[in-house]
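Keeping their order, the protein sequence lines are chains A and B.
The first sequence: position 188 = 187 (numbering that gives the first Met the number 0), numbered continuously.
The second sequence: position 60 = 59 (numbering that gives the first Met the number 0), numbered continuously.
Honestly, the hints are just simulated from the structure, not real lab data.
Values in this document were obtained by computation on a predicted structure and should not be read as measured data.
Every residue, glycine too, gets a C-beta built ideally from N, C-alpha and C.
Certain hints may be false.
Here are some chain A residues the structure puts well away from chain B; computed CB gaps all over 12 angstroms [claimed, not checked]:
1) 0
2) 27
3) 42
4) 48
5) 94
6) 119
7) 136
8) 188
9) 205
10) 227
11) 232
12) 248
13) 264
14) 268
What follows is a list of derived Cβ distance ranges for each label pair [to be verified]:
15) B:247 - A:14: 31 to 41 angstroms
16) A:47 - B:44: 36 to 46 angstroms
17) B:199 - A:256: 24 to 34 angstroms
18) B:134 - A:256: 44 to 54 angstroms
19) B:154 - A:81: 39 to 49 angstroms
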Amino acid sequence: MDLTVGPIAFFWDAARVREFYAGLAKAPVARVVIGEWVCPKRLPFWQNEIPDAVETLIAAGKEVALSTLALITLVRERRQTADLLGMGLPVEVNDLSALQHIPAGTPFQVGPMVNVYNEGTLQWLAKRGATRIALPPELPLSSVATLAGAGREMGVAVEVWGHGRVPLAISGRCYHARMNGRSKDNCQFVCGDDPDGRDVDTLDGRRFLTVNGVQTLGRTITSAARQIDELKAAGVASIRLSPHVGDFVGVARAWSEALAGDQAALLPALDRLMLDAIFSDGFLAGHAGASMDEVAAG
Amino acid sequence: MMELVCPAGTPAALRAAVEAGAHTVYCGFADESNARNFPGLNFSRAEMAAGVAFAHARGAHVYVAINTFPRAGAQDIWHRAIADAETAGANAVILADLGLLAFAAAHHPNLRRHLSVQAAAANPDAINFYASAFGVRRVVLPRVLSVQEITAINREIDVETEVFVFGGLCVMAEGRCSLSSYATGLSPNMNGVCSPASHVQYSDDGAEQEARLGGFLIHKTPKGGVSPYPTLCKGHFVSPDGKGGAVDGHIFEDPVSLDATELIPQLQKAGVVALKIEGRQRSRAYVAQVVRGFRAAVEALEADQPMPAGLLRQLTEGQAATTGAYRKTWR
Numbered sequence: 000m001d002l003t004v005g006p007i008a009f010f011w012d013a014a015r016v017r018e019f020y021a022g023l024a025k026a027p028v029a030r031v032v033i034g035e036w037v038c039p040k041r042l043p044f045w046q047n048e049i050p051d052a053v054e055t056l057i058a059a060g061k062e063v064a065l066s067t068l069a070l071i072t073l074v075r076e077r078r079q080t081a082d083l084l085g086m087g088l089p090v091e092v093n094d095l096s097a098l099q100h101i102p103a104g105t106p107f108q109v110g111p112m113v114n115v116y117n118e119g120t121l122q123w124l125a126k127r128g129a130t131r132i133a134l135p136p137e138l139p140l141s142s143v144a145t146l147a148g149a150g151r152e153m154g155v156a157v158e159v160w161g162h163g164r165v166p167l168a169i170s171g172r173c174y175h176a177r178m179n180g181r182s183k184d185n186c187q188f189v190c191g192d193d194p195d196g197r198d199v200d201t202l203d204g205r206r207f208l209t210v211n212g213v214q215t216l217g218r219t220i221t222s223a224a225r226q227i228d229e230l231k232a233a234g235v236a237s238i239r240l241s242p243h244v245g246d247f248v249g250v251a252r253a254w255s256e257a258l259a260g261d262q263a264a265l266l267p268a269l270d271r272l273m274l275d276a277i278f279s280d281g282f283l284a285g286h287a288g289a290s291m292d293e294v295a296a297g
Numbered sequence: 000m001m002e003l004v005c006p007a008g009t010p011a012a013l014r015a016a017v018e019a020g021a022h023t024v025y026c027g028f029a030d031e032s033n034a035r036n037f038p039g040l041n042f043s044r045a046e047m048a049a050g051v052a053f054a055h056a057r058g059a060h061v062y063v064a065i066n067t068f069p070r071a072g073a074q075d076i077w078h079r080a081i082a083d084a085e086t087a088g089a090n091a092v093i094l095a096d097l098g099l100l101a102f103a104a105a106h107h108p109n110l111r112r113h114l115s116v117q118a119a120a121a122n123p124d125a126i127n128f129y130a131s132a133f134g135v136r137r138v139v140l141p142r143v144l145s146v147q148e149i150t151a152i153n154r155e156i157d158v159e160t161e162v163f164v165f166g167g168l169c170v171m172a173e174g175r176c177s178l179s180s181y182a183t184g185l186s187p188n189m190n191g192v193c194s195p196a197s198h199v200q201y202s203d204d205g206a207e208q209e210a211r212l213g214g215f216l217i218h219k220t221p222k223g224g225v226s227p228y229p230t231l232c233k234g235h236f237v238s239p240d241g242k243g244g245a246v247d248g249h250i251f252e253d254p255v256s257l258d259a260t261e262l263i264p265q266l267q268k269a270g271v272v273a274l275k276i277e278g279r280q281r282s283r284a285y286v287a288q289v290v291r292g293f294r295a296a297v298e299a300l301e302a303d304q305p306m307p308a309g310l311l312r313q314l315t316e317g318q319a320a321t322t323g324a325y326r327k328t329w330r
């Protein structure tokens, strides 16, 4: 089992993006998925960083793929999706409409925003050219095991969400703009103020959700730290780490050491690295996604 | 005339909808294969066959919603639902899952396939993909699109489009939302339920009553007032701005429902062929009243008369109504 770093969910400026990928080149991860997958309006602010980041990562021996948007509606977004396929790198599909631009038989990858809940869907995608599939984060371990088995039979690498605030929903409406009394078309890029997203708490002060423009994420760090053995046994090929501010290279190192054997140290290490974090693993456990057994909560 | 596609959670509601003038009724089997998997709701196999016969005898159609995402290792439940819908004489099945669409196209080629709103096909490429890969004949559009965008989509596709005009309003792209399972463990995609009643808890602290979902406080209302159902995306939350201030309110959406009655003429011009009413969980009296109202509306449209205004206001249960994403300013 190895590590994959997913695309940055939040609106980071070019300098932060540059610094992040320069650091990641030295991190013990096997592959990196790059691209704007939340809001196309952000892309002009940082897309010039992509070629250099790709070059740096490939030079460091990483596999690199480009992500599509998670919700494609406008004509220019469709054109951008078509253009991605001409870049000479594997594409991670996060909106199925991208398949309309991928010729049958051309290999592609599938991201966690595509609904792959069962063997029938996995098999259909494999025959269509899918070589890697990152499963939807809400799946329980029992489904993950069945799908990893189906993936092995079809020669598809199966990946599982392992670290980060987990994407829960995507909308036509921008909540960052709405909270600032603006419409999406006049957002003035307020989501850039919150490089890890904006907290949404319950009225009694419990931290609950995170708003990131048109995307809603969980407030917890959804972590597979306590399920490494089960995921290995199921034949899962890779763990997905989702970028956050702070010492992300440290997070990747802690994970890499855990995959090599020292699992008990992982959660305490992550807790030290991410001071503001609450961890959860309810999805894999088949419970409410926000939950985590008290026993091993670190 | 624009086709009215009306909900039925029970055989009685199906009969009421047909008698009130529904062109089509949509319903599901009583299991996890459909996205309104509530206790006491939906159809047995025998009820489905009888319902289809009742509708057909009166010139109405029946669509069977099999629109959750099959559970890994248990796909046969969903495969059986498709076969049984065909046996019952359904005019179409409404599907969302890729694997299920492939199965239906291969094993039930003569059964008409519609794409569920749960597939969230939000642009012409997605729709053309489902049409070419699986022979989908109609798409229920996700509630993230404006009327102008629907017009543009219809110029680029050959399949029919159906849109929601009344009832519950998802503010997130349908079929791509795990908010409910994050709070409760049960999701629309996997279990056919959203913000399920089994995980709702009401309590009061003296002055106010509180409604929780999965233990998370969704809203507080003054005691004696009307407490809306704690649907997660319509909840009252607080969002600190990091500078000492906070936004306090319905961050995602107010407790509103969708009413796009006034936009029906524009939707017709946009090329939409069918209008869908949400509410398989509703009573047969409610269904009959809504169907009668909408039948009058599409007949008025056909006769070039204005839309009857405020027709259904009494049905929104004191809740405010919105035209949702159909107007671009909603975003």
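Hint check:
Residue 0 of chain A, annotated as away from the interface, keeps every beta carbon of chain B farther than 12 angstroms; the closest lies near 20 angstroms. At the 12 angstroms boundary, the C-beta of residue 27 of chain A stays outside the reach of chain B, the nearest C-beta of that chain being 30 angstroms off. With a cut of 12 angstroms on Cβ distances, residue 42 of chain A stays outside the contact zone with chain B, its closest approach being about 17 angstroms. With 12 angstroms as the threshold on Cβ separation, the claim that residue 48 of chain A sits away from chain B holds: the shortest Cβ distance comes to roughly 25 angstroms.
With a least beta-carbon separation of about 7 angstroms from chain B, residue 94 of chain A fails to lie farther than 12 angstroms from that chain, contradicting its non-interface assignment. Listed as outside the interface, residue 119 of chain A is inconsistent with that label: its C-beta sits roughly 2 angstroms from the nearest C-beta of chain B, within the 12 angstroms cut-off. For residue 136 of chain A, the requirement that its beta carbon stay farther than 12 angstroms from each beta carbon of chain B is not met, with the minimum near 7 angstroms. No Cβ of chain B comes within 12 angstroms of the Cβ of residue 188 of chain A; the nearest lies about 15 angstroms off, and the non-interface call holds.
With a closest Cβ-Cβ approach of about 7 angstroms to chain B, residue 205 of chain A is found to fall inside the 12 angstroms limit, against its non-interface label. Annotated as non-interface, residue 227 of chain A keeps its C-beta farther than 12 angstroms from every C-beta of chain B; the closest such distance is 20 angstroms. The Cβ of residue 232 of chain A sits about 16 angstroms from the closest Cβ of chain B, beyond the 12 angstroms cut-off, so the non-interface label holds. At the 12 angstroms boundary, the C-beta of residue 248 of chain A stays outside the reach of chain B, the nearest C-beta of that chain being 25 angstroms off.
For residue 264 of chain A, the condition that its CB be more than 12 angstroms from all CB atoms of chain B holds, with the nearest at approximately 28 angstroms. Under the 12 angstroms C-beta cut-off, the non-interface status given to residue 268 of chain A relative to chain B holds; the minimum distance is some 25 angstroms. At about 33 angstroms, the beta-carbon gap between residue 247 of chain B and residue 14 of chain A stays in the expected band of 31 to 41 angstroms. Our hint of 36 to 46 angstroms for residue 47 of chain A and residue 44 of chain B is violated, since their Cβ atoms are close to 59 angstroms apart.
One distance hint, 24 to 34 angstroms for the beta-carbon pair residue 199 of chain B and residue 256 of chain A, is violated here, with the actual separation near 43 angstroms. With their beta carbons about 51 angstroms apart, residue 134 of chain B and residue 256 of chain A fall inside the hinted range of 44 to 54 angstroms. Range check, residue 154 of chain B to residue 81 of chain A: Cβ separation about 18 angstroms, and the 39 to 49 angstroms hint is violated.
Violation of the numbered hints given earlier is confined to hints 5, 6, 7, 9, 16, 17, 19; the remaining hints are satisfied by the structure.
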